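Given chain A, work out where chain B should sit, using these hints.
Protein chains: 2
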Amino acid sequence: MRVSASPCPLGTHRVIEPAGVLPQAAWKLDATPVAHENEILCDVEALNVDSASFRQIVEVCDGDPARVAEHVLALVAQRGKHHNSVTGSGGMFIGTVREIGPALAAICDLRPGDRIASLVSLTLTPLHIEHIERIDMATGRVWITGTAILFASSIYAKLPSDVPDAVSLAVLDVAGAPAQVARLVQPGATVAVLGADGKSGVLACAQARTRVGPSGRVVGFGPDADSAGARFLRDAGYVDAFVAVDCRDVPAMLASFPDVLPMLADVTINCVNCAGTELSSILATKDDGTVYFFSMSTSFTAAALGAEGVGKDVTMIVGNGYAKNHAAIALATLRERPALMDYFVTRYGSAAAH
Amino acid sequence: MRVSASPCPLGTHRVIEPAGVLPQAAWKLDATPVAHENEILCDVEALNVDSASFRQIVEVCDGDPARVAEHVLALVAQRGKHHNSVTGSGGMFIGTVREIGPALAAICDLRPGDRIASLVSLTLTPLHIEHIERIDMATGRVWITGTAILFASSIYAKLPSDVPDAVSLAVLDVAGAPAQVARLVQPGATVAVLGADGKSGVLACAQARTRVGPSGRVVGFGPDADSAGARFLRDAGYVDAFVAVDCRDVPAMLASFPDVLPMLADVTINCVNCAGTELSSILATKDDGTVYFFSMSTSFTAAALGAEGVGKDVTMIVGNGYAKNHAAIALATLRERPALMDYFVTRYGSAAAH
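Here the protein sequences come in this chain order: A and B. Quick note, the first sequence lines up with residues 0 to 353 if you use numbering that gives the first Met the number 0. Quick note, the second sequence lines up with residues 0 to 353 if you use numbering that gives the first Met the number 0.
Looking at chain A on its own, in the form it has when it is part of the complex (with noise of 0.2 Å):
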C-alpha cells in the first residue's frame, strides 16, 4: 500500500523533534489519536514489546510488573512511541481499525472492526497509552487501552479467526521466509536449508518441497537430529534429507555435501540464528546459484569477503522482512498443510509471539 497523498506516506509529518527525520530516527513523534487523511488510527489491544527490549526493561524495573508498567508508561508517554533508547528495539502491536483515512480508504483492503498486527516496528510508530491493563512477564505481552497510527507506508496483517492469535504472530514474526522461498525455488531445483529445524527454517522447507516438486531435493542442516523441527521435517516429509551438524563448521559442512548435495543447491536459505554460517552457505551453493540470508545474524562482510575468497560466483541476497502478500502466504502455508498447523499449534498456540 503506498500513496503520494501529502501528509508524507512515510510519517515525517508525525515527527516532532529533530524535525526533518523519518519516525524511526525522531526522539519524539506525535502521537495525537486522530487518522490524518493518509493514516490509519487503531485500538491497541497488546504491545508484543521486543524480547531484548523487554528484558532490559525487566532488569531496570527488578522483574516488578507495576513498575514496568509504570516504565512502559513513561517512556510512551516521553516519546511517542514505544521506542526503547537502550536497546533501540520496539516490537509490534495487535489492535482493531478504528479510523481510516479518506486517502486511504479506496485503496486499503482494511475496514474499521477487522483485527490486525502491525509488521513494522513500534519503534516507528505514533502510540498513545491510556491505561495499562495487564502485562505477561513471562512473554512480554503488555494488554493496553490506547491507540496506534499506522502510516501509508506501514505494513500490517489481517489476523485471521480460524488461527490462534500466538500462532498468527508466530508465523507473521517471520513471513518473509516462505513468501522469498516460493518465489526463488523453482520445480526440479535442489534447495539446501541451514538453520532447518527453527520457526522460520521449517516453514522454508515446507515451501520449498512444494516448489521443487518431485524431481527436486530438499536437504536440512542443523545441530540436532532429534529437535523437535527435525524429527518433524523428517516426518513430515519437507526434507529428503537432515544433516545434523553445526553449520558454522565449515569443513563439516563440506563433508557432508559429497552425499546429501552432490551437485551442490541451486538455491540455498540462511535461517540461523547464530552468527558466522555465512562461508557455509556460500559453499554449499553451485555456482550461478543464489544464497538468501534470511537470518539476522548475517554479516555483510563476511558473506561478500566469503564468496570472494572461495571465487563463488552466486548471487546473495539479503533477507527482506517484507514481500508483497507475505502475510497471507505465510498463513496459507500452515493452512494449506495440516500437519504443519498442527505442529505450530503444539509448539507456539499458547505461547505470546516475539
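Quick caveat, the hints were computed from the structure, so don't treat them as lab data. Just so it is clear, the structure is predicted and the values come from calculations on it, not from any experiment. There's no promise every hint is true.
Because identical chains share one entry, a pair is satisfied inside a single copy or across any pair of copies.
Said to hold, decoys possible - Subject to a maximum C-alpha distance of 16 Å in a straight line, what follows is the list of computed EDC-like cross-link-like pairs (lysine to aspartate or glutamate):
1) K198 <-> E44
2) K157 <-> E44
3) K157 <-> D42
4) K157 <-> E69
5) K157 <-> D172
6) K323 <-> D234
7) K323 <-> D287
8) K323 <-> D312
9) K323 <-> D258
10) K285 <-> E335
Frame of chain A, contents of chain B only:
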C-alpha cells in the same frame, strides 16, 4: 576455475594448524614452494599490503622501513602467509606464474611466464619470502624475492601489457562493480548510483550508461558536485544528472527524487564508502526493483529492517567481489572508453593500489 581433484581445491591440505580449518581461518600454512597437482606456484614481485594492516605495522615499527621489513619477514615466517593478526587483513600480490600443477594445466588459462595479480586475500595465500627488496612506505607496496601458491579455487587476473600496473590494480580492486552492473541493468532502465564519484562508482556509471542506452537514465549521487569524479561523470556523459547530497541524509535524498528520479530507480547501486546509506538506497528504488550493495560499509540489519520498516518489496543483493570474468570486464570497461582510461591513468596511474 574449479577442479575437484585432490588435494583440496580450497587449500585445506596446506593448513598446518589448527587441523581441519580452511586456509583463511588457519594460524599457520605450509608455504613450501612446490606446486601440488592442482596448485599454481608463482614468483612474487610485490605484495600490496592492505592499508589497515600496513598502517598497524608501520605504527608498531615507529615508521622505520628496516623494522617494517623485519616485521613482515617474521610474520610471514611464523604463519606461512601475510595475515596480520591485529587487523585480520592481508592484501594481494603481483607476480609471475612459474609452474602449474598437472591437474590444472589443461583447464587453466594461465601459462608459465604470465604476469598476474592475485585477487584472493593474502590471509589465505601460502607465501614464502626469501628476501625483502624494498618497501614503499607511502603505499604499502613491498617488493620481495619469494613465492606464493594459488589454489584451484583462488581467483587472479592476468596483468595486461597495455595498461599501467597501478591502473590495473586500481581497477581490479573494484572489478566486481562493473561486472555486476553489466548483468543487472537492462536497456531503458533507470539506474541510481550512490557514491557515484568514487572509483567503483565511476566504473558503475560508465557501464550503466552503456547498458541503459539512449532510452534509459543514470543518476549519480555524491557529496560534492565539484569533485574530480563528479566533473568527469558529467563531462563524459555517464550520468544524466548528478545530485550533490550527503547520501546518509534521507530527507535530502527524498527531496531530490521528484526532479531526478520521478519514477524511482529500477536498479540502485550503492558504492558509498561510509555507513548509514541503506535506507536512502532502498527509498531510491521502485517496488520490485533491485538494490546492489557494493559498499563494504553496508549493515545487513540496517538493510533488512530498513526495507521492512518502509514496506518496500525490493531485492537487496550483497556485493560479491567475484563474478565470472570480472577482471576482463573491468579492464574492458576502461579500454572501450578512452576518456575513462585517461581519467584512471591521471588519477591512479602513479600510485600503487590498495
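Each hint, compared with the structure:
no., hint, result
1, K198 <-> E44, "neither (25 Å within a copy, 52 Å between copies)"
2, K157 <-> E44, "within (14 Å within a copy, 65 Å between copies)"
3, K157 <-> D42, "within (14 Å within a copy, 65 Å between copies)"
4, K157 <-> E69, "neither (30 Å within a copy, 67 Å between copies)"
5, K157 <-> D172, "within (13 Å within a copy, 49 Å between copies)"
6, K323 <-> D234, "neither (31 Å within a copy, 41 Å between copies)"
7, K323 <-> D287, "between (26 Å within a copy, 9 Å between copies)"
8, K323 <-> D312, "between (28 Å within a copy, 6 Å between copies)"
9, K323 <-> D258, "neither (37 Å within a copy, 28 Å between copies)"
10, K285 <-> E335, "neither (31 Å within a copy, 32 Å between copies)"
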